[in-house]
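Line by line, the protein sequences are chains A, B, C, D and E. Under the working numbering, the first residue of the first sequence carries the number 1, and numbering increases by one thereafter. Under the working numbering, the first residue of the second sequence carries the number 1001, and numbering increases by one thereafter. Under the working numbering, the first residue of the third sequence carries the number 2001, and numbering increases by one thereafter. Under the working numbering, the first residue of the fourth sequence carries the number 3001, and numbering increases by one thereafter. Under the working numbering, the first residue of the fifth sequence carries the number 4001, and numbering increases by one thereafter.
Simulated from the structure, these hints should not be mistaken for lab results. Just to be clear, a hint being listed does not mean it is correct.
Here are some chain A residues pointing at chain D (derived, C-beta under 7 Å) [as the list claims (entries may be wrong)]:
1) His86
2) Asn196
3) Lys303
The list that follows gives simulated cross-link-like pairs (lysine to any residue, SDA-like), each with its CA atoms no further than 20 Å apart [unchecked claim]:
4) A:Lys45 / B:Lys1070
5) E:Lys4120 / A:Asn224
6) B:Lys1043 / B:Lys1070
7) D:Lys3618 / A:His86
8) B:Lys1263 / C:Lys2260
9) D:Lys3502 / D:Pro3485
10) C:Lys2076 / A:Asn224
11) D:Lys3448 / D:Leu3132
12) E:Lys4106 / A:Asn286
13) B:Lys1226 / C:Asp2031
14) B:Lys1007 / B:Gln1178
15) C:Lys2041 / C:Lys2260
16) A:Lys303 / D:Pro3596
17) B:Lys1306 / C:Asp2031
18) B:Lys1070 / C:Glu2276
19) D:Lys3618 / A:Arg312
20) C:Lys2076 / D:Pro3596
21) C:Lys2162 / C:Pro2177
22) D:Lys3507 / A:Asn224
23) B:Lys1209 / B:Tyr1021
Even for Gly, the Cβ is constructed at its ideal location relative to N, Cα and C.
Listed below are the residues making up each chain.
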Amino acid sequence: MEDIINIARELIKRDDIEAIIGYEKGRAPFQTVPFFARTPEDCDKLIMNSLCVNNLVSYINQFSGKVAIFVKPCDAKALVGLLQEHQIEREKLHIIGINCQGALNPKKLRNAIKGRMVKDWSINGDKIKVYYESGEEEFNIKDFLLDKCPACDTRTPPIYDELLGDEIKTADLPELLARVKELEKLPAAEKQQYWNEHFERCLRCYACVKICPLCYCERCFVENASPQWIDKSNNLKSNKAFHLIRAYHLAGRCIDCGECDRACPMDIPLRELNLKMRKSVEEHFNYVPGKDIDVPPPLSTFKKEDPQDFIR
Amino acid sequence: MELILKKEKLKEFLEQLSKNYEIIAPVKEGELINFKSVKDFTKVVMTYQKSIKSPKEFLFPQCEELYKYKFSGKDVEIKPAEVEKKPKAIVGIHPCDAVAIKILDKLFGWDYKDELYFERRNNTLLISITCNTPDWSCFCTSVEGTPYDADGTDIHFTDTGETYYIEGKSEKGKQILQDNNNLFTEAKKEDKDKVEKIKKEIMEQVPVKFDIKKVTENMDCIFDSKLWDRISVKCIHCGACAYLCPTCHCFDINDEGNYEEGKRIRCWDACMFGHFTKMAGGHNPREDEKTRYRQRIFHKFNYYIKNFDTISCVGCGRCIAECPAGMDLVKTLQLIEKGAEHE
Amino acid sequence: MSSLYVPHKAIIHQVIEESPDTKTFRFKLADEKLHKEFDFKPGQFCEFSVFGEGESTFCISSSPTRKEFLDCSVKKVGKVTETIHKLRKGHTIGFRGPYGNHFPVDELKGKNLIFVGGGIGLAPLRSLIQYVIDKREDYGKITILYGARSVADLCYERDLKKWYKAPDTDLILTVDPGGETPEWAGKIGFVPTILEEINPSKENAKVITCGPPIMIKFTIQALERMGFNPEDIITTLEMKMKCGIGKCGRCNIGHIYVCKHGPVFTYAQIKELPQEF
Amino acid sequence: MANIGVFVCWCGSNIAQTVDVVAVAKAASEFKDVVYSVDYKYMCSSPGQNMMIDAIKQHNLDGVVIASCSPRMHESTFRSAAVLAGFNPYMVEMANLREHCSWVHDNREEATKKAIELVRMIVAKVARNAPLNKIYVPVTKRALVIGGGIAGIQAALDIANGGVEVIMVEKEPSIGGHMSQLDETFPTLDCSQCILTPRMVEVATHKNITLYAYSEVDSVEGFVGNFKVKIKRKAKCVIEELCTGCGLCTQKCPVGKKGEVMNEFEVGMAPRPAIYIPFPQAVPNIPVIDRENCTYFKTGKCGVCAKVCVAKAIDFNQKDEIVEEEVGAIIVATGYDLYPKDSYGEYGYGKFKDVISGLEFERMVSASGPTKGKVLRPSNGKPPKNVVFIKCVGSRDEKHGISYCSKICCMYTAKHAMLLHHKCPGAKAYIFYMDIRATGKGYEEFVKRAMEEEGAVYIRGRVSRIYKRKDHLVVVGADTLTGKPVEVEADLVVLATAIIAKDGADKLAQILKISYDTHNFYNEAHPKLRPVETNTAGIFLAGCCQAPKDIPDSVSQGSAAASKALALFSKKELEREPLISRVNEEFCVGCLACQPVCPYNAIEEKEIRDRKGNLIKKVAHINEGLCMGCGACAVTCRSGCIILEGFTNNQIFEQINTFENLISKFEPTPEETVAKK
Amino acid sequence: MEEKSAKTDWEPRIVGFVCNWCTYAGADLAGTSRLKYPPNVRLIRLPCTGAIDPLFIVKAFQSGADAVLVSGCHPNDCHYTSGNYHARRKLTVFKDLLEFTGLDPKRFWMSWISASEGQKFASFMEEIVTETKKLGPLKGYNN
């Protein structure tokens, strides 16, 4: 923690840095929220731990000047995507890479404490310690990891200007696409039922779109009134259309930060759709997003020998 | 009129009620609690922390048809929408959500009475329940509400452990209790005391976070404060807060259909969306995130008072708990409480 | 049910091309009886529907003193207006209204009226001008200053000719520099400049102005310089509207709902509002 | 909201027989926006067109739907007619009631129902059409001809003679192509060189032609009328201006004497030096140094050529050079290659010296060839007695070779048989064939002559294998006419190997952005009606790069391509269809996902600046000269900021949406009925 | 819905998005060759398969299509050189997504049909209609 405050303090003193994008502690137990430090004093509020879940890169373009940003591997992969798609200028960024061993799901933790009032919490190694009004309790971090984390193969950001700690290699990860494969096995009718139940719930609040670091369109297709491809009514028909196209637009681009999943107030498993697209793009075109800035996105290009078994 | 209902008799009570009413009650959907039209009353969850959506959608649906149109030759045929006539009973509504309905009444009733809303409203029975499981985001007590005071509802429940303590609030509510007399027993003094104790305990769980009087007083001089720039940066401009809010009521009117026929619908809209106030020519009076967030806060804590003599926030905390970007209304109001100078 | 939002059918009777991007649609409510009973005041607006496209808000640009038809003038700016521009005689549209407040026609009685309009901003003024001309004896001297970017952009040519001949009425036309044609006999210059040039008397006078925001801004500045009281300057505001009846929540400026409390405001009232329009 | 007129065509009985056209017109009259609906016997006839023109005026129409045949048939007819009525042609659309309905269905009721829906879809589309105006682009009046074979030469000369400048790019050191390798040509047996050489010289000396030999097209940018071409001029290491073409250097060059470098022109049958002129009549008649085999370049020592050159024309320091040319049209005449030698193992090509290709035979019989016109067995240099010719080697063989017919082999094999007869009196020609295809003028007679007068033995059947027996080759096959096996003891076997696309044809196609088929032959715009145009405006095809051809065909195509180019140059400005993509800059975020999908490189990054010059944002911009209107960018844009004029999202949307109409929304859906109860 | 499928006279509705140069022309050829196929298909003509947005397909399902067909030029034959390759990529992943969310794979068809393959067009239409009939009306897209 000292580290990041010191780094931030040094950076903010530089003339060319307008703000430092990081996290501060939120009011709720286990909550961290995005924070923008503009003065050395602000920097003292910065924190960095495995409860820092938000993907911060979408905030970069809120600032006109150069910013420094703390990035976890997820955020860094999003950066790669944005650089690839000309959405941010590399020169206007100072990237501080943070290794990640998996982030925690604050909601899960809140459920675990069963409504007790939390005074404070701290993270030590693979344990999280919770201090109540009276007494304290310790939990194993690995029981509270976000769904995306256990199978994540990127523990060190793929892009950074400075890295806190040493690069981490991964081994023996669980299957990332296990859930997708499980769903794929369902008969068509069950798949449809599964997704219809989820889509039916959709509020169309577009939190999934707005939180997504790669959904940067000035006008989302769903907002396009000419023509109004997707009705504004939130019925199954248009919700489904919205989600299908949303997922399709992220095909070959989604870097699996899971922010949509987290943002969705209605608990729609959006990440499963995104992972399916990831699987599809990887299987057919041998492409994994978030790795290489200089390669065009897979759906903007082609190979003559692309598979076409399904085409008659 | 205070009665006691054994918990196991709730099902029976709802069954009786369902003879005349469609029962809307909280049920579990995955991890979420949500109000739904219920037929299997064993699924009803009366004691819950926070329903993900407020039941406002049963009075003011997210999307509703205003009328249908159909071209025939050069002429258009128009067929106004009709609201289904069957009365609804919203069971298990928390006091905050119940208060919200009163707030909505004002807006839909001023000048032009919104018939679609009131047709439903007048056909809806509200059965509230004391909220005994507030969470960190709740702040009803800070906005002049309580977790147990359900003004404006017809019947109020309080979960006392083994039984429900039931108060008939409106004439309609009292009549219903009367009609189902056989299900209840008369409440005794110790029951009453118990309920009072519960209320006190819950109040302690929802400490007052700010002085709402001071906040509203300060609003008028804080419009141009730099505060808004600071707070709003984090906001990602989704509509989650507005759509989950029990008092938000902004809507959009749209035509849906094909080239020859369709319907005009109104559906919820949110002032956080960029295109909300964007005019056809491209001008947008609330172009940036700052003005949009400020509009939201001002609408709830200033404009609404000026027009309707009440704030339009009930402290349910949904906007805080569900904000994906960690925006915190309580923090904003605390800043406003401190005044413009403190930034 | 839901009659609040259900429009009346109206039939386009005539389409008048006012300028390259503006057309006036003259229509009649399909229901004869309803049309006869229909009443409104100058300055009020309506919701104009093209079924399948949506609704748009326009002021009624005709005067309630001339009841045969209702007029709406529409500038092509977006999806709905683009479709409106495709309307022809005989097409059916939807109409609901009138909504909002109106010009204080009673308060204006006996006053000298100065109308300052720019471009399509003349539309709401036209309703009032026709009204006062039709009730000529109730009002004092009338001065109309109307300008547009170019000669082609001047709207309501036929009305302008009539106003020119109306009793005790001054009509001054101007076009922005560069917008004139060789035959142009009117003034050349921006509306606020010409306003100061003709310098109408502020005695017993009320100014009613409408036009593009930038014109209004400088016109008001000019009027203040000329000593007009903010209370005597009247204008109409434009905000995005959907319902038109104070529900949908997007036309408010501060606690003021433009659709309910407006669209007509005095400059004195506007000064009190948050500058968010 | 529009005034749309619907014109339902009977097409005589073609439509009316199956579709109740009166019912269609009546149904259409009730569609939204349709103010006029009529049926007529022949809409495309002059009275039919006039009917449309009159209705446009009379009913103040702003949209027209012609419900008749395929738009591919008559769209331009009706659009042109609309122009006569002063009506925007792009407000006319067609519903295909003939090819897509009346001709493919029997049931009158169903076909009529479908016809009504087809009309409804197009009515809905037209209601969303917007008037469009043609795009005009200036034309650079210069042409580029790629390839200096006979097709390219013909095209270049025709254009140059038409008074237009031509740039000719030839890959080899000399123009002339394959034709210059031939001896005599069928069916007249006139000397190939004799007729070709004057034309080659004409190219070299024509004031309107600039010849870049030993050069290649490096890149092409721009669009019809405005191409920018970069041409790589490979270093010849000989200064052209100084060289007198005396040939002394080529004689003194120490390389090639031992046969270590073989002459490509002689199909590898003779050696050549490192500095060489491919053949004596080469144009330009200037040697080039083959740097790969030149001793000086390999070791830094030698320089004999420089020493003997009186004109001091040798320059070892010459570098490849890129020249830029601006042209308005491009003619591609890059020719062909032959099916690779080693592909037919069973015929022993490469294994047996006495198995040669047709082209090798051609060089052998040529007076200027390696054997000075004598037919000799490569194995022992003696004249052969029996020569077997095998046709369709590679051609018409889907299993091992290619599916198509190489077109010229039947004829040249007959010619070879004759030449053998002339040059080697007493030698016998055996020809194994599948069919004899002799469809040109005088061709059939020519083949007949070979059979009857020149004694060629035609055996119908395929050769199964060739093996060596002592000094001879035994050709084993079957005569499918008699059904008996055949064995010929041959001294020489000549294979009529297939014509295949030029090596690198696909690469050039990608540079030019023209399409090519699975065999890498270039695609013409229309197989019948636009045989010399490509789908890329301003690029034309001539000769074998499009498909196998004989000389007369190549020449006529060269002339045809030239006339297309000249027609293009006859206008000051080019008129282009406005059906191209446009970017909505208000919402474009400049992700440029559209850029790589554009096959024409028409998408550029554009900076949007405010009045003070500050950069607001970068957006995609479409060069309307380059855009061909494929629409790939439009669907790649996630936020729908790109629309394709003529096929806008609004138009497509309405077409799809109209579909929903079957269930009227005024009848309650089952759910609604239940809810009401 | 149930009511609809119970009807025996139900006919599937099929929307085809086809390119102007190959499949539309192939359909024309089917016409000029007088080949017969069921009348359930409505073709929407586009310049190229590369100009087909998955939104079109979703919209078609929403609008009551029981099956959707996309067809264009064979690889290498694209009038615009590469539109069909781009379409192939885009629709490969989109098809995966449709199937993942429960659409029967037999409701989305893609094919290469050239201008000379009138016969292929006709028999393909025949097959799609037959297969779709087996599946019954599509549910879950049109509510």
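Here's how the hints hold up against the structure:
no. : hint                  : in the structure
1   : His86                 : holds, 6 Å
2   : Asn196                : violated, 15 Å
3   : Lys303                : violated, 13 Å
4   : A:Lys45 / B:Lys1070   : violated, 60 Å
5   : E:Lys4120 / A:Asn224  : violated, 38 Å
6   : B:Lys1043 / B:Lys1070 : violated, 42 Å
7   : D:Lys3618 / A:His86   : holds, 9 Å
8   : B:Lys1263 / C:Lys2260 : violated, 26 Å
9   : D:Lys3502 / D:Pro3485 : violated, 37 Å
10  : C:Lys2076 / A:Asn224  : holds, 19 Å
11  : D:Lys3448 / D:Leu3132 : violated, 60 Å
12  : E:Lys4106 / A:Asn286  : violated, 26 Å
13  : B:Lys1226 / C:Asp2031 : violated, 55 Å
14  : B:Lys1007 / B:Gln1178 : holds, 18 Å
15  : C:Lys2041 / C:Lys2260 : holds, 14 Å
16  : A:Lys303 / D:Pro3596  : holds, 13 Å
17  : B:Lys1306 / C:Asp2031 : violated, 40 Å
18  : B:Lys1070 / C:Glu2276 : violated, 39 Å
19  : D:Lys3618 / A:Arg312  : violated, 41 Å
20  : C:Lys2076 / D:Pro3596 : violated, 35 Å
21  : C:Lys2162 / C:Pro2177 : violated, 26 Å
22  : D:Lys3507 / A:Asn224  : violated, 40 Å
23  : B:Lys1209 / B:Tyr1021 : violated, 39 Å
In this structure, the hints that do not hold are numbers 2, 3, 4, 5, 6, 8, 9, 11, 12, 13, 17, 18, 19, 20, 21, 22, 23, in rising order.
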